[in-house]
Amino acid sequence: MSGMSKIVKTMSAVVFPFIMIFGLYVIAHGHLTPGGGFQGGAVVASACVMILVAYGSVWTMKKIKEKHLSIFESLGAIGFISLAFFGLVFGSAFFYNFMANTQGFLGIFGDTVIPASTAADINTAGLLPLMNFALGLKVIAGLFAIVLVMAYATNKSKGGDKK
Amino acid sequence: MMDFLTTHSPALIVAIPLLGAFLTPLIGKINDKVRNIVVILFVAFTTFLIALLINEVATNGIVTYVFGGGVANIGTLEAPYAIRILFEIDGMNAFMALIAGILPLAAVIYSWGFMKEETGQDKYYTLILLMTAGMLGMILTGDLFNFFVFLEITSIASCALIAFRTDNKYSVQAGFKYIVISAIGALFVLFAIAIFYGQYDALNMAIIANNITYGFLDKVALVILIAALAMKAGLAPMHMWIPDAYGRSPASVTIVLVGATLAGLYGGLRVIFTIYGQQLSTVLHKIEEIEIHLSQILGAFILALAVLSIFIGVFMALKRSDFKKMIAYAAVAEIGYMFLAIGAYLITISSEDPQMLAAGIQSLKGGIFHILNDSLDVGLLLLVAGSVYFATKQTSLNKLGGLARNMKYTTIFFVIGLLAVSGMPPMNGFASKLMIYQSTFQINPIISIIAILCSIMLLAAFVKVFQSIFLGPVIPSLKNVKEVPKSMLIGMGIIACIIIFIGLFPNIVIENLVTPATNALQDTTGYISAITGGV
Amino acid sequence: MNNRDTYAIIFFAIVAVAFIFTAFNAPSFGLMDADDQPIDRPMDDKIIESAQEEVGANNAVTSVVFDYRGFDTLGEATVLFAAVAGVIILFRRLKK
Amino acid sequence: MNVFFVPYLAVAALIIIGLYAVILKRNLIKIVIGITLIESGVNLFLITLGFRENSTAPIYTSSPGGIMSLPVPQALTLTSIVIGVAVLALMLTLVIHIYRHYGTLDVRKIKEVEE
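Protein chains in written order, with the numbering used here: chain U, -19 to 143; chain W, 4 to 538; chain E, 20 to 115; chain G, 100 to 214.
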């Protein structure tokens, strides 16, 4: 598969940044609005897959290898589990949310929320937004790697499919 | 430091292999040797933590660990409920965790030599560590949904490893069979969990066990859970995936897969004895004066399937000419022995005759002891089969012969495994099988005699293998066969040493590990009150 | 139509009937009792009530996913990690 | 007659159709589709259990007030969906490999030779 027509290529290149921004928005506001690391990650990954479909897997494989995606995925996973380990070190238990409702801890995501308030304050929820970012990175890299590897392996034009 | 490790060991036992799995692809970029050492260190550290945890459980009783901090029971004593995920470790969990600690340690050491020639080793070690973490999570968790998640981790990681040799069409096929069966099994487990959630608004095993009423939906959930988990444990007639998966996967993977199978068995035990533990004495039918309890029906059902498993396992093992497949069928038979003991215990549980009760408890002890012994015996034989494959690239009995001359240590390990798996003294298999024979003889002599006869036939099958592979004239094409690398011998040696140790001093293991596990399994109220806070 | 097919159809029919029968006995849909008051669900009500205060997130689902049941999410991320590793290992080059 | 069981009938229908495909279909891709159907059924069951009449989503940001539906089933379904994606990816990978080896997806032609 050497990619689709010029119209498709151009249009997907134009739409790509918008889908990307939307996905990142979903990741960043996971603790306030519907969404989160998984959902936003899936949106961004589908934007990447759209590029893959439009330009063909051989072209995409030249730009980014699954090795690099795998490293990004590992980094995301390590980030997520490290945040859980921080709960062990700074708090009382694995996965303890030591940053929520504490203004003191560097002031990041530490605002106290008044119960039953409906206002959106992004600077809240402690570890949750950070975990969302780590998982988002992991899901983007992971899903894209799955599709990229499968598309490349079943690509007929490079003779990958023997049968 | 020690205190910190002991307090947090339940979380760390799962988190350390996970961290190792996430780090392995990065470390693999540096150097193969460094990566192998780091992986072995990660698994060894996990095993060390398991030892700490077992010690803690032995001294202080049930250990609970709440993820995210706080107390386990948020509600009151009368209406308890738990929000956060809990790990609850009693004697049974600790016992199973020991098995899940030993097998991966042997596997990663063995892999160093065994996997030297293969590509994709980074991902291979990642998946082995993920299997370890999944297995340990299944064993330690006290939360049903968490159990499902770890079940899926284990089955996905092991499926990818079963199909590791993608150039062999049979291994790809075995992998597909395994993923279909485990995906359906896991989905039905999730369905049963949803039934529990819908009725009791709880996901914690102890809370569900506390609230359960044994209505219609609970009966459905019981059937689904037992069917799905017996499928994961490889009880006949749902054993079809075991010969394929065990026979076609690399030996170092198979040995971890044995642990994963037994984790499925553990899940079944937890469902029967803990979640439905208070309902086992429910009277289902009353025929004149004789009351038929739930435990008796379950016991009879399990007993029948167990005898079927033993039969199928032994007869198919006699017929096969492929070394690894034969061991796989022997593993099916061994699983049958465990279920035989459990079924015998369930039948006697509601009896009023003290002699029968004692026999039942003895039988349960034998069954639980056999879980440990079976994992070690079958594991050792599988590793020997892997070594034979490594040295000769053959597993068919007809194309092998006279290996004893060139592979002395492997031959010794095979003899140890052969005697252990067929229940001969002085190996560990004898100790546990004797307990099963004695107790089932009191309950029903016919079953006991069948079990003994099948065990003898298993011995006959393996003696045949021993003769055709290791003895006899050297086949010309195998003249230059060399002994396997040291790391593989160490991997087999670890298991062989433990087998001989248990065989010589079975009482130490029975007193310190098996009896606490048996007591914990019988003590449903103890498990529940550790969470709810009641006495 | 051979023997295996017949067994499969019988097995399938039994399971199908069992599922339909279960559906008729399922818990009440909508979680409302006879007086149109919400049925008490202690675990979920507690989370809805205290998620904002304890975790500080406005989205109760996210606070369940990442805080109350954070360990499940770690497991879920691990499942995806395992799948990616599995797909890459199965499409690897076989020769060094 | 109450109609509270109707959503559960949809669940049962999805699971039964999925099981039908898994047990009685001969094409590997159809078996895979069957498994995803069972998975959708189970997910639907989970999310149905969390529904409360006249409720809003359990999110406080610009919430109109009133009772909220249960958050735990939504979280469980999210987990289950991601697990489903992972299983699907692995199953399709193996199907591709089986197709490469045998040149067919028909179960009857893919026979294991017993040794």
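FYI, nobody ran anything at the bench for these hints, they're computed from the structure. Note that the structure is a prediction, hence the values are computed from the model and not measured. Even for Gly, the Cβ is constructed at its ideal location relative to N, Cα and C. Don't take each hint at face value.
Within a straight-line C-alpha distance of at most 35 Å, the following computed DSBU-like cross-link-like pairs (lysine-lysine) qualify [claimed, not checked]:
| hint | chain 1 | residue 1 | chain 2 | residue 2 |
| --- | --- | --- | --- | --- |
| 1 | U | Lys43 | E | Lys65 |
| 2 | W | Lys36 | E | Lys65 |
| 3 | W | Lys402 | W | Lys467 |
| 4 | G | Lys208 | W | Lys402 |
| 5 | W | Lys180 | G | Lys124 |
| 6 | W | Lys482 | W | Lys119 |
| 7 | W | Lys36 | U | Lys42 |
| 8 | U | Lys45 | W | Lys36 |
| 9 | W | Lys322 | W | Lys467 |
| 10 | U | Lys47 | W | Lys396 |
| 11 | W | Lys411 | U | Lys42 |
| 12 | W | Lys180 | G | Lys208 |
| 13 | W | Lys396 | W | Lys482 |
| 14 | W | Lys411 | W | Lys119 |
| 15 | U | Lys47 | G | Lys129 |
| 16 | W | Lys32 | W | Lys180 |
| 17 | W | Lys32 | U | Lys47 |
| 18 | W | Lys172 | W | Lys411 |
| 19 | W | Lys36 | U | Lys47 |
| 20 | W | Lys322 | W | Lys396 |
| 21 | U | Lys(-14) | U | Lys42 |
| 22 | E | Lys114 | W | Lys180 |
| 23 | W | Lys119 | U | Lys43 |
| 24 | W | Lys32 | U | Lys42 |
| 25 | W | Lys32 | E | Lys114 |
| 26 | W | Lys489 | W | Lys222 |
| 27 | W | Lys482 | W | Lys32 |
| 28 | W | Lys172 | E | Lys114 |
| 29 | G | Lys208 | W | Lys222 |
| 30 | W | Lys172 | G | Lys210 |
| 31 | W | Lys32 | W | Lys322 |
What the simulated footprint calls covered on chain G by chain U, stretch by stretch (three residues with Cβ under 8 Å from a Cβ of chain U suffice, anywhere in the stretch; the number is not a length) [as the list claims (entries may be wrong)]:
| hint | segment |
| --- | --- |
| 32 | 150 to 160 |
| 33 | 180 to 193 |
Selected chain E positions facing chain W (in silico; Cβ < 7 Å) [claimed, not checked]:
| hint | residue |
| --- | --- |
| 34 | Asn22 |
| 35 | Arg23 |
| 36 | Asp24 |
| 37 | Leu113 |
Quick rundown of the hints versus the structure:
no.	hint	in the structure
1	Lys43/U with Lys65/E	violated, 49 Å
2	Lys36/W with Lys65/E	violated, 51 Å
3	Lys402/W with Lys467/W	holds, 14 Å
4	Lys208/G with Lys402/W	holds, 28 Å
5	Lys180/W with Lys124/G	holds, 15 Å
6	Lys482/W with Lys119/W	holds, 23 Å
7	Lys36/W with Lys42/U	holds, 30 Å
8	Lys45/U with Lys36/W	holds, 24 Å
9	Lys322/W with Lys467/W	holds, 11 Å
10	Lys47/U with Lys396/W	holds, 31 Å
11	Lys411/W with Lys42/U	violated, 51 Å
12	Lys180/W with Lys208/G	holds, 15 Å
13	Lys396/W with Lys482/W	holds, 13 Å
14	Lys411/W with Lys119/W	holds, 22 Å
15	Lys47/U with Lys129/G	holds, 32 Å
16	Lys32/W with Lys180/W	holds, 33 Å
17	Lys32/W with Lys47/U	holds, 10 Å
18	Lys172/W with Lys411/W	holds, 33 Å
19	Lys36/W with Lys47/U	holds, 20 Å
20	Lys322/W with Lys396/W	holds, 22 Å
21	Lys(-14)/U with Lys42/U	holds, 19 Å
22	Lys114/E with Lys180/W	holds, 26 Å
23	Lys119/W with Lys43/U	holds, 31 Å
24	Lys32/W with Lys42/U	holds, 20 Å
25	Lys32/W with Lys114/E	holds, 18 Å
26	Lys489/W with Lys222/W	violated, 53 Å
27	Lys482/W with Lys32/W	violated, 38 Å
28	Lys172/W with Lys114/E	holds, 17 Å
29	Lys208/G with Lys222/W	violated, 39 Å
30	Lys172/W with Lys210/G	holds, 11 Å
31	Lys32/W with Lys322/W	violated, 46 Å
32	150 to 160	holds (count 4)
33	180 to 193	holds (count 5)
34	Asn22	violated, 15 Å
35	Arg23	violated, 13 Å
36	Asp24	violated, 17 Å
37	Leu113	holds, 6 Å
Hint check: violations occur at hints 1, 2, 11, 26, 27, 29, 31, 34, 35, 36; the rest are consistent with the structure.
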